[in-house]
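Peer 1: Starting from the given sequences, assemble the full structure and let the hints guide the process.
Protein sequences, first through last, are from chains A and B. Counting from 1, position 77 in the first sequence corresponds to residue 77 in the working numbering; the numbering is continuous, with no gaps. Counting from 1, position 208 in the second sequence corresponds to residue 208 in the working numbering; the numbering is continuous, with no gaps.
Simulated from the structure, these hints should not be mistaken for lab results. This one's a predicted model, so the numbers in the text were calculated from it and none came from an experiment. Ideal Cβ positions, reconstructed from N, Cα and C, are used throughout, including at glycine. One thing to keep in mind: the hints can contain errors.
To give an idea of the chain B side of the interface with chain A (calculated C-beta under 7 Å), a few residues [as the list claims (entries may be wrong)]: (1) P21; (2) T36; (3) R37; (4) M161; (5) V171; (6) T190; (7) G192.
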Amino acid sequence: MEERHLVERVLDGDPAAERRLYDAHVDRVYRLAYRMTGDDELAQEYTQETFIRAFDRLKQFRGDAALSTWLHSIAVSVVYNGMRKVRRLRKRQVDLKETVGMASDPVGADPDLKERLAAAIDDLPLGYRTVFVMHDVEGYKHEEIAAALGVSSGTSKAQLSRARAKLRKALAEFAEEWAS
Amino acid sequence: MMTEDRFEEVLIEAARDYNEPPETPRELMWARIEATRRERARRRQQLRVLYSPWTRWGMGIAAALAIGIGLGRLTTSFGPEEAPVVVTPGTGTVPESPTRSRLAYRLAATEHLTRAETFLTSFRSGPRESGADFMSNAQDLLSSTWLLLDSPAAEDQVFRMLLEELELVLVQIVQLGSYEDGAAERGIVTEGIERRGLLPRLRTAIPAGPPVGMEGAL
Chain A
1 MEERHLVERV
11 LDGDPAAERR
21 LYDAHVDRVY
31 RLAYRMTGDD
41 ELAQEYTQET
51 FIRAFDRLKQ
61 FRGDAALSTW
71 LHSIAVSVVY
81 NGMRKVRRLR
91 KRQVDLKETV
101 GMASDPVGAD
111 PDLKERLAAA
121 IDDLPLGYRT
131 VFVMHDVEGY
141 KHEEIAAALG
151 VSSGTSKAQL
161 SRARAKLRKA
171 LAEFAEEWAS
Chain B
1 MMTEDRFEEV
11 LIEAARDYNE
21 PPETPRELMW
31 ARIEATRRER
41 ARRRQQLRVL
51 YSPWTRWGMG
61 IAAALAIGIG
71 LGRLTTSFGP
81 EEAPVVVTPG
91 TGTVPESPTR
101 SRLAYRLAAT
111 EHLTRAETFL
121 TSFRSGPRES
131 GADFMSNAQD
141 LLSSTWLLLD
151 SPAAEDQVFR
161 MLLEELELVL
171 VQIVQLGSYE
181 DGAAERGIVT
191 EGIERRGLLP
201 RLRTAIPAGP
211 PVGMEGAL
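Peer 2: Structure (structure tokens):
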């Protein structure tokens with residue numbers, strides 16, 4: 001079914017069309033939310049909120065961009081917002097652990113490459129991480145990322161380049177191993 | 001020495017495992033989406049019935065936003081046809097004057113948007129604003145935005161959209177304080193503000209006009 005027709009049917013209150021719209025886009029939204037959070041519960045929560053907002057705001061969708069692009073701009077907003085709260089909570093938890101001397105990471109442990117990479121990605125500023133995850137991990141195009149973040153494609157490319165540079169720096173000690 | 005191409009190749013390969021998602025729990029999420037939408041619709045309906053005197057909401061928000069009575073800028077784009085729907089149940093409740101309740105809400109919304117516009121202008125044009133006071137202002141504005149988003153006021157679709165976009169930008173700004181090199185993120189936030197036309201839209205929503213009988217609003 002053509003996208004515009006599907007949107008019209010949803011706006012007319014057709015529940016089957018709502019479900020169809022959801023089915024068409026839920027995988028990508030959920031995958032992005034999961035990649036950004038690494039937590040199934042949070043990813044579900046953010047995915048649900050994305051679709052709830054989308055259905056509430058569908059009248060605002062003008063059709064200038066693809067529906068998926070519009071949906072992802074909502075998803076990014078929801079994830080950013082949610083993660084801000086989660087970071088605060090986790091920081092408190094880490095502070096508490098440090099206070100009582102219960103840090104869980106074994107001292108002197110040498111994490112393998114993928115663990116180190118994951119940690120380095122986690123440490124990227126949120127904007128860099130979003131672009132990196134969308135492009136290099138989930139395969140979004142720069143045009144899609146730019147539309148979701150409200151920036152130009154050039155900015156998206158620049159952010160990706162900076163993100164990779166930061167990762168390269170963070171993983172410098174593994175360079176030889178990676179090259180082999 | 002590893003070449004850049006080789007690095008990117010290995011990086012992308014290794015990054016595929018980063019937070020690898022499980023299968024999408026479609027049915028579970030759909031059931032929750034439906035339930036949440038039903039619940040929110042029910043609550044909105046209750047608000048219409050129980051909160052018909054909008055003044056309570058408007059004045060509550062106004063207090064939270066520390067509105068000055070002498071603001072003198074009480075003009076918004078809400079026309080009479082956009083007045084909140086007031087359902088009067090057969091409970092003997094007499095709704096307050098719509099004019100008065102609209103006025104209180106307008107005051108709160110206008111003040112909020114004015115503060116947001118001032119803040120974003122300062123963010124965009126100022127030097128590396130990231131001091132504690134600045135971040136505290138961003139957090140306050142974000143909290144007020146949520147308050148308005150959760151209020152019946154957000155039923156106005158255009159206003160809601162403006163608030164949601166403001167929310168995204170404020171969240172990004174608040175996040176800047178979380179990173180050592182947060183300044184590097186400023187560019188993307190500033191560009192987002194400009195491309196969304198957020199400042200002109202805020203200014204349009206708060207036109208400076210003649211005071212509108214606000215003496216009776218509070």
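Peer 1: Next step is simple, just say for each hint if it's right about the structure.
Peer 2: Hint-by-hint comparison with the structure:
no.: 1; hint: P21; verdict: 4 Å, holds
no.: 2; hint: T36; verdict: 6 Å, holds
no.: 3; hint: R37; verdict: 6 Å, holds
no.: 4; hint: M161; verdict: 5 Å, holds
no.: 5; hint: V171; verdict: 5 Å, holds
no.: 6; hint: T190; verdict: 10 Å, violated
no.: 7; hint: G192; verdict: 4 Å, holds
Checked against the numbered hints above, the structure breaks only hint 6 and satisfies the rest.
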